[in-house]
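Under this note's numbering, the first residue of the sequence shown is numbered 94, with each subsequent residue one higher.
Read the hints as simulated data drawn from the structure, not as lab findings. There could be a bad hint or two in this list.
[As the list claims (entries may be wrong)] Here are the computed distance ranges between Cβ atoms for each label pair:
1. E269 / R220: 33 to 39 Å
2. M211 / P124: 31 to 37 Å
3. E254 / P148: 29 to 35 Å
4. E254 / I144: 18 to 24 Å
Each residue gets a CB set at the ideal place from its N, CA and C atoms; glycine is no exception.
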Amino acid sequence: MLFLSNTFKIKAAERGGIFWKAMGQHMHFEPKMMEYATLRINEEIQADRNIEVLPNDDPEEIETTEDEHQNPISEDGTTVTNIQAPATRVPYIAVHLRRGDIWQKCRGQAVEKCVLPMERYIDAVERAREYASKSLGLLSHLPVVVATDTTSEDDFQKIKELGWHRLDHTKYGTTEVWGTFGSAMVDAAILAHADVLVGRLLG
Numbered sequence: 094m095l096f097l098s099n100t101f102k103i104k105a106a107e108r109g110g111i112f113w114k115a116m117g118q119h120m121h122f123e124p125k126m127m128e129y130a131t132l133r134i135n136e137e138i139q140a141d142r143n144i145e146v147l148p149n150d151d152p153e154e155i156e157t158t159e160d161e162h163q164n165p166i167s168e169d170g171t172t173v174t175n176i177q178a179p180a181t182r183v184p185y186i187a188v189h190l191r192r193g194d195i196w197q198k199c200r201g202q203a204v205e206k207c208v209l210p211m212e213r214y215i216d217a218v219e220r221a222r223e224y225a226s227k228s229l230g231l232l233s234h235l236p237v238v239v240a241t242d243t244t245s246e247d248d249f250q251k252i253k254e255l256g257w258h259r260l261d262h263t264k265y266g267t268t269e270v271w272g273t274f275g276s277a278m279v280d281a282a283i284l285a286h287a288d289v290l291v292g293r294l295l296g
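Start from the sequences and build out the full structure, keeping to the hints where you can.
Structure representation (structure tokens):
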């Protein structure tokens, strides 16, 4: 798996990040990573009422030999090589709730400007649902999946109360399957694959 972290810095401030937009649309996650993310999302959302199911359009996987993958095993028995692409996927809204290292992006700012309150995200999700319904022709109440580095039990409780979903990487053994940066990469895949993304400029 190739992690090109510096691609996030490909931008032209005076042109609204046109270089990133022109290049980024042609970049894809390794298919097994995308399959894993889609599989976990389906598992998390499937209990929701009135969900919409669409054909899965993940990129086709290139055949590899067994020894081309490191093949660790998570607690539930998942390995990289036995991940199968789901035939369907559930449309969803992804929320990037950045907390842990956000201070590096906004040093010197007041707390309320640096760490957005949950209410701002709730309002944005409602606008995202309206957009998904009117512009994308999807259900008006799409499920919400949160990618976050927060360790706050208050945040976790609020996410649960809202009926939103969060992948518990400890429960799924993501690090055991994908390595040290596995959780971050799976979260990135979830955000990238969302039908609508809610986030903020700094995070």
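Going through the hints against the structure:
no. : hint                    : verdict
1   : E269 / R220: 33 to 39 Å : holds (37 Å)
2   : M211 / P124: 31 to 37 Å : holds (34 Å)
3   : E254 / P148: 29 to 35 Å : holds (33 Å)
4   : E254 / I144: 18 to 24 Å : holds (20 Å)
Consistency note: the structure conflicts with none of the earlier hints.
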